[in-house]
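From first to last, the protein sequence lines stand for chains A, B, C, D, E, F, G, H, I and J.
Quick note on numbering: numbering that gives the first Met the number 0 labels position 106 of the first sequence as 105, and the sequence is numbered without any gaps.
Quick note on numbering: numbering that gives the first Met the number 0 labels position 65 of the second sequence as 64, and the sequence is numbered without any gaps.
Quick note on numbering: numbering that gives the first Met the number 0 labels position 115 of the third sequence as 114, and the sequence is numbered without any gaps.
Quick note on numbering: numbering that gives the first Met the number 0 labels position 144 of the fourth sequence as 143, and the sequence is numbered without any gaps.
Quick note on numbering: numbering that gives the first Met the number 0 labels position 57 of the fifth sequence as 56, and the sequence is numbered without any gaps.
Quick note on numbering: numbering that gives the first Met the number 0 labels position 105 of the sixth sequence as 104, and the sequence is numbered without any gaps.
Quick note on numbering: numbering that gives the first Met the number 0 labels position 134 of the seventh sequence as 133, and the sequence is numbered without any gaps.
Quick note on numbering: numbering that gives the first Met the number 0 labels position 113 of the eighth sequence as 112, and the sequence is numbered without any gaps.
Quick note on numbering: numbering that gives the first Met the number 0 labels position 121 of the ninth sequence as 120, and the sequence is numbered without any gaps.
Quick note on numbering: numbering that gives the first Met the number 0 labels position 104 of the tenth sequence as 103, and the sequence is numbered without any gaps.
Be aware that one or more of the hints could be misleading.
Okay, the calculated beta carbon distance ranges per label pair [said to hold, decoys possible]:
#, chain 1, residue 1, chain 2, residue 2, range
1, C, N4, A, D59, 20 to 30 Å
2, E, D1, H, K123, 50 to 60 Å
3, C, N4, E, E125, 51 to 61 Å
A few chain A positions that, by computed beta-carbon distances, are all more than 10 Å from chain D [said to hold, decoys possible]:
#, residue
4, G28
5, A30
6, S45
7, F71
8, D109
9, K145
With a cut-off of at most 20 Å between alpha-carbon atoms, the simulated SDA-like pairs for lysine to any residue come out as follows [said to hold, decoys possible]:
#, chain 1, residue 1, chain 2, residue 2
10, A, K123, A, A12
11, H, K8, F, E61
12, J, K145, B, D126
13, H, K124, G, V64
14, E, K128, H, D126
15, F, K106, G, D116
16, J, K128, I, S45
17, C, K123, D, I133
18, A, K51, A, A12
19, I, K13, A, P46
20, I, K106, J, L10
Hints in this document: simulated from the structure, not taken from any laboratory.
C-beta atoms are modelled at their ideal positions from N, C-alpha and C, and glycine is treated no differently.
10 protein chains.
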Amino acid sequence: MDRTNSTLKVLEAKAEKQLSWAAIAEHVGAAEVWVTTALLGQATMSPEQAAKAGEILGLDQEVAVSLTIPPFRGGAIQMPPTEPALYRLYEIIMVYGPAFKEILNEKFGDGIMSAIDYEMSIEKKEDPKGDRVIVTLNGKFLPYRKF
Amino acid sequence: MDRTNSTLKVLEAKAEKQLSWAAIAEHVGAAEVWVTTALLGQATMSPEQAAKAGEILGLDQEVAVSLTIPPFRGGAIQMPPTEPALYRLYEIIMVYGPAFKEILNEKFGDGIMSAIDYEMSIEKKEDPKGDRVIVTLNGKFLPYRKF
Amino acid sequence: MDRTNSTLKVLEAKAEKQLSWAAIAEHVGAAEVWVTTALLGQATMSPEQAAKAGEILGLDQEVAVSLTIPPFRGGAIQMPPTEPALYRLYEIIMVYGPAFKEILNEKFGDGIMSAIDYEMSIEKKEDPKGDRVIVTLNGKFLPYRKF
Amino acid sequence: MDRTNSTLKVLEAKAEKQLSWAAIAEHVGAAEVWVTTALLGQATMSPEQAAKAGEILGLDQEVAVSLTIPPFRGGAIQMPPTEPALYRLYEIIMVYGPAFKEILNEKFGDGIMSAIDYEMSIEKKEDPKGDRVIVTLNGKFLPYRKF
Amino acid sequence: MDRTNSTLKVLEAKAEKQLSWAAIAEHVGAAEVWVTTALLGQATMSPEQAAKAGEILGLDQEVAVSLTIPPFRGGAIQMPPTEPALYRLYEIIMVYGPAFKEILNEKFGDGIMSAIDYEMSIEKKEDPKGDRVIVTLNGKFLPYRKF
Amino acid sequence: MDRTNSTLKVLEAKAEKQLSWAAIAEHVGAAEVWVTTALLGQATMSPEQAAKAGEILGLDQEVAVSLTIPPFRGGAIQMPPTEPALYRLYEIIMVYGPAFKEILNEKFGDGIMSAIDYEMSIEKKEDPKGDRVIVTLNGKFLPYRKF
Amino acid sequence: MDRTNSTLKVLEAKAEKQLSWAAIAEHVGAAEVWVTTALLGQATMSPEQAAKAGEILGLDQEVAVSLTIPPFRGGAIQMPPTEPALYRLYEIIMVYGPAFKEILNEKFGDGIMSAIDYEMSIEKKEDPKGDRVIVTLNGKFLPYRKF
Amino acid sequence: MDRTNSTLKVLEAKAEKQLSWAAIAEHVGAAEVWVTTALLGQATMSPEQAAKAGEILGLDQEVAVSLTIPPFRGGAIQMPPTEPALYRLYEIIMVYGPAFKEILNEKFGDGIMSAIDYEMSIEKKEDPKGDRVIVTLNGKFLPYRKF
Amino acid sequence: MDRTNSTLKVLEAKAEKQLSWAAIAEHVGAAEVWVTTALLGQATMSPEQAAKAGEILGLDQEVAVSLTIPPFRGGAIQMPPTEPALYRLYEIIMVYGPAFKEILNEKFGDGIMSAIDYEMSIEKKEDPKGDRVIVTLNGKFLPYRKF
Amino acid sequence: MDRTNSTLKVLEAKAEKQLSWAAIAEHVGAAEVWVTTALLGQATMSPEQAAKAGEILGLDQEVAVSLTIPPFRGGAIQMPPTEPALYRLYEIIMVYGPAFKEILNEKFGDGIMSAIDYEMSIEKKEDPKGDRVIVTLNGKFLPYRKF
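Excised from the complex, chain A in its bound form (with noise of 0.2 Å):
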């Protein structure tokens, strides 16, 4: 079972046990974003990980294993994004990609963070002005290689 059918069959189970990806992902053990971005076709579980996910969701066999095969990843959007909530990441690279770059080459020197070694979280600020999106991005520094 490809991919593709396999996330639509996550998500077809998830909606009909009406379960968050919050509870998907404790029952898993792993974080939220990760559990996630792995049932969407994006990371690849371990046999352990995709048993729970399969026992809480219901998923077929067929299913599970194919959670555990390294996906080909990205081409779950086009890019540019067209929906807002994603654009809205792409134009924060525009408007503060420059001042990224110039400032990581300062703190770190001349490299990247990785997205590799990564890991993300989401999470909820609440204020009176209206509640806050809080995404950190966590990515190793790796430095250019000279040889």
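With chain A fixed as given, assemble chains B, C, D, E, F, G, H, I and J onto it according to the hints.
Chains B, C, D, E, F, G, H, I and J only, in chain A's frame:
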């Protein structure tokens, strides 16, 4: 003087005086990411901030004035970014974007994280296994208006 | 049921029952543009609104439920739009966009008109020289946050 | 003198004389959006209007004459717009465009809202919860000719 | 029934009955280019015209009804056209477009030739050196509105 | 002198001498559309035609010579055209193109209308309901060679 | 039956009967490149040719008929071609195209090599240092019409 | 001196001295297509060839030297080509490309026609019905290596 | 059976039998990269190799035969690649490509590294600081032919 | 001095002094590919390396300093590359990329080969049947972080 030229003047002055973005930001009295963004032509300074920036960088009056005019944003980089440090942010949208939207909708309802009522920081977290880049995105949640 | 299918069901039901968007909107109890937008898969109804829409259109429960789930917006049309009625809006951005930004900045300062805290209407103004289409865009001004 | 240069001259003169678009428009005797559009190289002034514009802005004869020549429109911005204030208009087409076409066809029949026999205004509506931008698009309905 | 399917039904019926576009157009009682355009899903027939078309082509009621609904235009071909007969028209815009605009502005003033209040014909002119295709574009001139 | 510069010289001379394209064409002794096209750098004049054009416009010898060299065509506008007067022609291909190909094949067989052995005219037809632009495309039919 | 399906039928029949393109072409009685092109849906056969092709390939009547209808050309491959054998032709245009145009203009005057009144062959020339592919393009020169 | 400038110098010298490509090629002692390609910045001359070219064209030493440096190929034209003479070659790939690959594979096996170990000629074949352009592509067949 | 389907059959069989690419390659008797490439539809097997592959994977005769037909290469992934493991290769071309060309020209003269007479390997080099991927590209140098 | 200008100065100096990349790299004391990459504006030198490079090339202090500032990478070439030597690398990704990912995942698990902690070499392997280019890519394997 248009913003492209004024950005060049800022970069030349910064290089000549060997100032860091952190030092300039402290003198201007605002956050490092924001001050850098404004000096790179992607945000608008108040006259007081522009005066402070002009003071530490030794900018001409004409350059300082240009910093107070709302810029035409987003033209500083091409998309997808060719620079690896910026491409990693772009890749994060492709890989983690679907999960971001799911979790945002689950935690906040239908809407977006604003990229306008928005601030961000870039910090270094030392780690013996390799220092980590911590980027915090902090935007107001905007629920879709029903009418 | 995904939104694309649910939109098809809505359009079939509307055609079969020969209902106007205006009549549906009145029954749902919200603005014509918004109700049409939601039924075309670009906005999220409350359960009560979806029940009302399901009632007048005779939709299956499954379809009605799908109307309450935040959609992945923007995929319904390609850009630039090939349909002439939509291309004219696109052309308006190219021709009047520069003036829009200048006047927005002059009247409101640096910021944007929100497309989220936003509503719009489409009205017919009769005119002997040819009726006119009056489209009103009404969005909250969001000033850029300085930090 | 081509329109790109003539636009630059206008912007320099406006900055130097610290004139608002509203003041210039009043002097020229036409609507603010239209006068701004013409001065930004996207519409054609009559010789009288160009003379008035030249007067208040102190433009050379050569610049004033260039304002009376039909421009090659639309090249002033790239699409999709990178500037957030303009991108929001673009997003509105993607999200509300399908409903716009449905309602237009329902209210007027098969045809378009003209972008040529067209006018628009941009107004500020004060609101304690945040001022609102009111943009009114007013275009003649053009029914498709059958032949 | 959507327009893509209804176009297929039309083409099948036309092939089976070995009708020419000219014959169908004569039966429908409108111009050949327009009737062909409508049957290919790019224009809207009146109920009477659709009935006539249904009669000669032997179409189901459902197909005939679909011909009376304003279509979403322009999706039938990709641009630039890969088909040589259509690419030549595209090339004509690139080569003769600049002259077209100059002459249009000189003869009519600032404005456009409407593609909505528009009709066209395609005729064969016999010529011993090779027959010639005569395409006549006939559109209302629309002057730009000043406001 | 390359064609871009030579086009600029032509436009400057035309503006300075306040000549119409019609007057220049009459002096050169060829059709208005063709002469305009050649002077805009998209067709090749004979030495006699170039001399005539140079005479009426007062062009340098170098400019006149450049008009006799086959140009690299098609670079004068971007596609899709941003200028509304040209975009309407582009839209006509999308909307009427499928019918054009059907009728061409029906009337002439498999082949194309040449864009090389081709001429066109642009005329004004006065009409109390609004003047009409009549564009006539006249190209040799080229049947596909079978081999 | 549309051309895409009819091409599939041809390829299946060719594989099943283990026929070469050369053998099919000989049976049809036309050039190998042309017959292959027609059977791949990019040229139009006469009824006699289609009958011959149907005979040797054992095609259904419906498939044979489809070969006689002018196809919508060019959609069989994406550009730039991903297949290396076709990309090399594309690269040849980029590298040798400028010289081709210079020499064409020098030898023939202003015009093009027709791709319609055109034929081509693909031959093998044995060579001890490696066999060579000899492709001959043979198109009528079409001089630009002056009018 | 970079190749773009050196190409301009070549073209200016050729125009001034009224030399044909054929005459230059004869003086350099290599094929017309190749010499033209090299002088247009898409191939590399030996020092002797560059000296010969410099001699007949009267080029500065600096220009002649630049002709001996391997160029960065392919940037001289945009794809798809806007110039009709080059577009026809591009169209030939779309229309005849699928047949080319089929026949190449049938005659030679799996592999490509090299565009590196490659030569080509452009000849004029007089014909009372219209002269014909004969382009011969001659490339080594390269079989795919199995490993 | 087309190659896309045959690739799916291969992947299903491989998953079901829990075979590694290394094991399959050993059975087929060719290099791991090449066998994997062929089974993914980007290279052509000999009948013997296809039989071997069919044997170990338990493929239908029809699938095995399809492996011996030259494929239409390159359509398996979109460019730029969205999958991070492949994007890194793409990025390497952008960052190290200019140096690759300089050094290639310096060491070999004007020409290319063949991608046809080409082989590659992917090895793991264990390293306490993190294992390393060693990819070796080995292509014949092809000098540009002068003619 | 920005990197584009500084690259030009390097290339001019290298040409004038007739130095090879190999000789410069030896003087700088780092690998040939890396030194060439840095001098072409895609990597960052230490002050000592820049001084060495400045010494052998006779660069101004300003140029030497620019070599020590992290560049904005990737803008030196367009993608897909038009230069054949670089396009072959691009083609290799399309043809061998799917196998690369399969084998990488099989040998290393889910992750990527780093393009940052990365080095490469380009060597010449003499071969009587034609010399071979041996390119070795050597990047750290980065496993995807689970969180």
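Violated hints - listed by number, lowest first: Hints 10, 13, 16 contradicted; others consistent.
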